[in-house]
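S.K.: Read top to bottom, the protein sequences are chains R and X. Residue 168 is where the first sequence starts when you use the working numbering, and the numbers rise one by one after that. Residue 168 is where the second sequence starts when you use the working numbering, and the numbers rise one by one after that.
Simulated from the structure, these hints should not be mistaken for laboratory data. Any given hint could be a false lead.
Which copy is meant is left open, so a pair is good if it fits within one copy or across any two.
What the hints assert, rightly or not - With a Cα cut of at most 25 Å, we get these calculated DSS-like pairs of lysine-lysine:
| id | residue 1 | residue 2 |
| --- | --- | --- |
| 1 | LYS395 | LYS440 |
| 2 | LYS384 | LYS446 |
| 3 | LYS395 | LYS326 |
| 4 | LYS217 | LYS443 |
| 5 | LYS443 | LYS395 |
| 6 | LYS345 | LYS433 |
| 7 | LYS318 | LYS329 |
| 8 | LYS227 | LYS253 |
Remember, it's a predicted structure, so these values are computed and weren't measured experimentally.
Number of protein chains: 2
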Amino acid sequence: MTMVLISGLGLIGSSIARIMRESQTDVEIIGADPDDDAAAFLLSRQIINKHEPFSQAAPKADVIVLAGPVSVIIAQIETLAHLSLKSNLLVTDVGSTKVEVMQAAENLRRQGIGFLGGHPMAGSHLVGAQNGTTQLFSGSKYFLVTGSQTKQQLSEFQKLMKAGNVDWTMIDAQTHDKLVSELSHVPHVIAATLVNTVADSVGNDPVGLTAAAGGFKSTTRIAASDPKMWTAIMMSNSEEISSEIADFKRELTEFQQAISSRNEEKIIATFTKAQKIRKSLDE
Amino acid sequence: MTMVLISGLGLIGSSIARIMRESQTDVEIIGADPDDDAAAFLLSRQIINKHEPFSQAAPKADVIVLAGPVSVIIAQIETLAHLSLKSNLLVTDVGSTKVEVMQAAENLRRQGIGFLGGHPMAGSHLVGAQNGTTQLFSGSKYFLVTGSQTKQQLSEFQKLMKAGNVDWTMIDAQTHDKLVSELSHVPHVIAATLVNTVADSVGNDPVGLTAAAGGFKSTTRIAASDPKMWTAIMMSNSEEISSEIADFKRELTEFQQAISSRNEEKIIATFTKAQKIRKSLDE
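Given only the sequences and the hints, what does the whole structure look like? Please build it.
M.R.: Right under this line is the structure:
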């Protein structure tokens with residue numbers, strides 16, 4: 168019997184619980200979350216077996232999955248370093264930034280505890296335990312950053328996650344944080360900024376935002392994401408994100424100049440380049 | 168029998184042909200498009216009755232729908248001003264900018280021809296006659312800008328478009344161009360810029376863009392749109408677009424400063440504001 172503790176029973180944590188439940192029969196899952204409703208829902212569906220406070224459940228666990236916001240993950244790694252844990256324990260996380268998390272995990276390495284950094288590149292603008300599914304990460308990259316875990320712990324974790332059909336991808340923490348700042352963090356900043364800019368401007372127009380068509384809605388869909396989770400990510404990866412925003416602004420200013428000077432050749436070249444790249448992502 | 172000429176048989180023009188075909192039995196539709204394949208497809212499905220050159224078909228028409236890019240619409244209005252047309256003719260367009268189009272249409276007003284500016288706020292990243300549907304604009308705003316059309320011409324056009332289930336919205340040309348620059352034109356600029364910025368940066372990374380998850384894909388979906396059509400829009404509405412980009416950049420810089428200084432309160436307030444507004448669009 169493998170005893171798994173999942174801390175954070177939102178969209179990601181509850182999806183991992185569903186995946187582990189489907190992957191392996193001899194697994195007992197303890198859920199930890201201050202949100203009693205999420206835990207009650209997952210208990211009622213028999214997705215988790217128990218609901219216990221984090222510090223009470225941790226000493227019993229063979230595998231601990233930290234599935235809260237990055238700030239909570241880091242605080243929980245500190246908490247774990249002061250508890251008496253099983254000697255073969257594997258701790259892993261799902262945080263969207265990895266440099267800070269891997270630094271915090273050095274405390275566990277010193278105590279002989281296995282830590283494996285993780286980050287599933289999926290998710291949704293939906294939130295909460297009710298919206299989790301076994302297929303949330305299916306076909307998407309699940310980044311793994313090597314820490315103090317053993318080879319056996321890594322393969323056991325991957326076995327537990329088998330039903331998720333993820334695309335395991337090894338990466339170092341720095342490369343990861345730069346890549347996701349570009350592919351995920353900065354797009355969230357841009358989507359939120361676009362919504363706020365337009366809302367400020369059309370605020371008094373009776374037609375206003377009600378005229379928004381599919382294009383605006385898809386471009387800003389991720390602006391509906393959980394502000395708390397995304398604030399924690401901004402705090403944890405602020406340097407990379409700020410630097411990528413600077414790159415974006417530079418490119419935007421160049422495009423703006425082409426538009427305001429009505430440089431047709433430059434405008435069509437810019438749109439054509441983007442179209443070619445964007446289309447390739449759907450192939 | 169109402170004789171309709173639709174010039175431009177892409178996504179929008181072919182959808183209008185389908186809608187008019189379904190709305191009214193006594194309508195004959197002539198399609199004009201240099202793309203023989205699009206016309207052949209619509210002829211084979213009996214969505215249009217004939218395929219003829221624009222200048223040859225125009226003198227026979229009771230209603231002309233200009234459904235090409237804005238630059239083509241303006242050129243065709245000039246062409247019409249030199250043809251011998253039916254005295255009760257209504258000309259309308261689907262262009263994404265209205266100030267330039269309404270100015271060009273003054274030439275028709277002087278000749279006693281009815282012109283009604285139009286712009287359906289829908290569309291898709293899909294293109295072409297094959298992808299048109301009667302429901303492409305369903306539930307979305309279809310902007311109308313009053314020109315030289317008579318009351319009866321307006322109501323006849325709306326009758327022809329009945330099956331499209333659009334939300335007719337009267338607007339003046341200036342207000343329209345500002346609103347769509349915010350809701351549609353600038354989002355296209357931003358989506359294309361985001362794709363190009365990330366592609367330049369991750370170009371040499373083997374993981375790179377393949378790691379893009381749903382968030383990046385939805386934010387940049389409209390970057391796959393037709394570059395020619397969007398270049399024509401930029402050329403036609405360059406001042407409004409450039410000014411809205413400036414507003415966006417100002418707001419982005421403020422957000423960037425909050426992120427780089429790790430101002431948690433400001434970051435969460437910004438994301439929370441955007442979340443609230445964006446969620447309201449789906450209600």
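S.K.: Each hint should be assessed against the structure and marked as holding or not.
M.R.: Do the hints match the structure? See the list:
no.: 1; hint: LYS395 x LYS440; verdict: between (35 Å within a copy, 12 Å between copies)
no.: 2; hint: LYS384 x LYS446; verdict: both (19 Å within a copy, 10 Å between copies)
no.: 3; hint: LYS395 x LYS326; verdict: neither (31 Å within a copy, 49 Å between copies)
no.: 4; hint: LYS217 x LYS443; verdict: neither (50 Å within a copy, 34 Å between copies)
no.: 5; hint: LYS443 x LYS395; verdict: between (35 Å within a copy, 13 Å between copies)
no.: 6; hint: LYS345 x LYS433; verdict: between (29 Å within a copy, 23 Å between copies)
no.: 7; hint: LYS318 x LYS329; verdict: within (17 Å within a copy, 65 Å between copies)
no.: 8; hint: LYS227 x LYS253; verdict: within (7 Å within a copy, 86 Å between copies)
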